Every structure is written in structure tokens, then in C-alpha cells.
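**Student:** Sequence:
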Amino acid sequence: MTRSSTLRPTWLTFDCYGTLIQWDEGLLAAVSQILARHGRAEIAPGRLIAVYDQHEHALEQQPPHRNFRTVSGEALHRAMGEFGLQCGSMDTEILTGSISAMPPFPEVPRTLRRLKEAGFRLCIVSNTDDALIAGNVAQLGPPGTIDRVVTAEQAGAYKPQARIFEHVWQAIGAGRDAICHICASPHLDLVAARDLSFRCVWVDRGTGRQAPQGYQPEAIVRTLDGVLERFASWRWLPDDGSTP
Numbered sequence: 001m002t003r004s005s006t007l008r009p010t011w012l013t014f015d016c017y018g019t020l021i022q023w024d025e026g027l028l029a030a031v032s033q034i035l036a037r038h039g040r041a042e043i044a045p046g047r048l049i050a051v052y053d054q055h056e057h058a059l060e061q062q063p064p065h066r067n068f069r070t071v072s073g074e075a076l077h078r079a080m081g082e083f084g085l086q087c088g089s090m091d092t093e094i095l096t097g098s099i100s101a102m103p104p105f106p107e108v109p110r111t112l113r114r115l116k117e118a119g120f121r122l123c124i125v126s127n128t129d130d131a132l133i134a135g136n137v138a139q140l141g142p143p144g145t146i147d148r149v150v151t152a153e154q155a156g157a158y159k160p161q162a163r164i165f166e167h168v169w170q171a172i173g174a175g176r177d178a179i180c181h182i183c184a185s186p187h188l189d190l191v192a193a194r195d196l197s198f199r200c201v202w203v204d205r206g207t208g209r210q211a212p213q214g215y216q217p218e219a220i221v222r223t224l225d226g227v228l229e230r231f232a233s234w235r236w237l238p239d240d241g242s243t244p
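All residue numbers for the sequence shown refer to UniProt numbering, where the first residue is 1 and numbers rise by one.
Calculated directly from the structure, the hints in this document are not laboratory data.
All values reported here derive from a predicted model rather than from experimental measurement.
Do not rely on the hints blindly, as some may be mistaken.
[To be verified] FRET-style restraints, in silico, Cβ to Cβ:
hint: 1; residue 1: ASP53; residue 2: PRO238; range: 23 to 29 Å
hint: 2; residue 1: HIS38; residue 2: ALA58; range: 22 to 28 Å
hint: 3; residue 1: ASP130; residue 2: GLY175; range: 22 to 28 Å
hint: 4; residue 1: MET90; residue 2: PRO64; range: 36 to 42 Å
hint: 5; residue 1: MET90; residue 2: GLY175; range: 23 to 29 Å
hint: 6; residue 1: GLN216; residue 2: GLY175; range: 50 to 56 Å
hint: 7; residue 1: ALA36; residue 2: THR207; range: 41 to 47 Å
hint: 8; residue 1: ARG235; residue 2: MET90; range: 51 to 57 Å
hint: 9; residue 1: GLN216; residue 2: HIS38; range: 41 to 47 Å
hint: 10; residue 1: ALA178; residue 2: PRO143; range: 23 to 29 Å
hint: 11; residue 1: ARG113; residue 2: GLY214; range: 20 to 26 Å
hint: 12; residue 1: GLU74; residue 2: THR10; range: 21 to 27 Å
[What the hints assert, rightly or not] In silico lysine to aspartate or glutamate, EDC-like type, Cα no more than 20 Å apart, as pairs:
hint: 13; residue 1: LYS116; residue 2: ASP225
hint: 14; residue 1: LYS116; residue 2: GLU25
hint: 15; residue 1: LYS116; residue 2: GLU74
Don't be surprised by glycine CBs; every beta carbon is placed ideally from N, CA and C.
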């Protein structure tokens with residue numbers, strides 16, 4: 001038997017953007033708006049996003065720690081510069097201002113509700129700021145759906161650094177064996193799961209991102225509601241996903 005099926009977790013922790021919230025779709029819309037504003041329709045939004053991502057992740061790992069709004073703005077400035085574009089305050093506001101309005105994937109609110117009804121406690125772990133994520137959390141269900149939100153701002157560190165996950169475990173008062181982490185970001189969350197040896201379910205939404213070489217999560221699902229069937233197979237909840 002795997003460790004997945006031998007110990008039902010008390011807490012489920014979730015990556016937010018890309019797992020619960022439509023990050024790629026929201027980012028594409030924001031970048032498309034920025035390029036249209038500059039009259040550069042010949043630049044594919046995906047090209048700018050790829051460069052932005054590289055700068056964002058590099059800046060997150062460079063000391064001293066800066067909040068995500070600052071990191072995101074600087075990453076956009078550097079990425080646009082590589083395409084000969086001048087990044088202005090309106091551009092950064094289009095990007096950062098869009099984050100809180102990004103909606104959840106369609107299956108997310110009902111899946112979270114069923115997990116909550118099954119007795120799990122739910123925590124979000126996100127590389128963002130408290131103010132930015134508040135609007136997203138409000139879209140996930142009625143107040144109290146999410147028991148705890150831990151951000152990089154609170155921890156003073158970004159994933160995949162151990163510090164943010166250790167901060168989470170201390171904040172919720174649960175050891176890693178009492179937690180299962182659910183994520184869609186191989187380059188951040190799965191790297192941390194590999195290095196820190198905690199249980200993890202990968203929501204592989206078909207973005208083309210790959211798991212770290214040699215690492216196998218406890219399970220791979222295509223959408224968040226796939227965890228219900230998987231959890232039922234581990235006897236963590238009944239087959240129909242209802243309250244045990």
C-alpha cells in the first residue's frame with residue numbers, strides 16, 4: 001500500500017493560480033490587452049508571457065524578498081523591454097489589477113464544497129500577496145470554505161523554497177504527514193514536494209508543463225474534481241464524494 005492510502009490527511013493544501021484559479025487564461029487576456037494598447041498585434045501574447053514567466057520566477061528567488069506586485073511589475077518591465085516596448089504604470093496595473101478578478105475553473109467551487117463536507121480542512125498556499133488573492137478566494141465559495149490562506153507575503157519566501165511550506169505547516173499546526181498538497185505547477189510545487197517529501201496530487205491541466213525528472217506524485221488528475229474519485233479509491237471519502 002502507498003502512503004496515500006494508509007493515512008487520511010486532516011488538511012488539504014492547494015496551489016491557487018492554475019490549480020483553482022484560471023491563471024493562464026487571465027494572464028493571456030491581460031497581456032493581449034497590453035500589446036493591443038501598444039499597437040503590437042504582431043507579437044504573440046504567448047511569446048511575451050514566456051519571457052515574463054522567466055523573469056518572474058528568477059526575481060522571486062533573488063533576495064531581498066519583495067511582494068508579488070513589485071516582482072510582477074518588474075518582470076513585465078523586463079519582458080516588454082526585450083520586445084522593444086516601454087512598460088508604463090498602466091501596463092503594470094492592467095496585469096496586477098487583473099489578478100484578483102481571475103475566476104476559478106468551473107469544477108472548483110463544487111469540488112471544494114464536497115471536500116469540505118467530507119471533513120477536510122482547506123488551506124491555500126500561494127506565491128502572491130494577501131491583497132491580490134482576496135478577490136480570488138471570495139470566488140471559491142461561501143465564507144469559511146477556505147480555512148486558511150498562506151501567501152508568500154506572509155512567509156517572506158516564494159515557492160519552491162522550503163521556508164514557505166514550513167511556514168504553512170507551522171501556521172496550520174499540522175505535520176506534513178497530516179497534509180496532502182494539490183497543485184498544477186510542476187516547476188514550483190512538485191519541485192518542493194520532491195525535495196521536502198510531502199504528499200502531492202498533480203492537477204495536470206494539459207499545459208505542457210512537466211513534472212521534475214524522476215519524481216512521481218501520489219496521483220495525477222486532469223481537473224480538480226478528479227481528486228474525488230482518487231480519494232474515494234484511497235478510502236478518504238465515499239465513492240460518491242459525499243460526507244462519510
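**Student:** Honestly, which of those hints from before does the structure not fit?
**Tutor:** 1, 4, 5, 6, 7, 11, 12, 14 and 15
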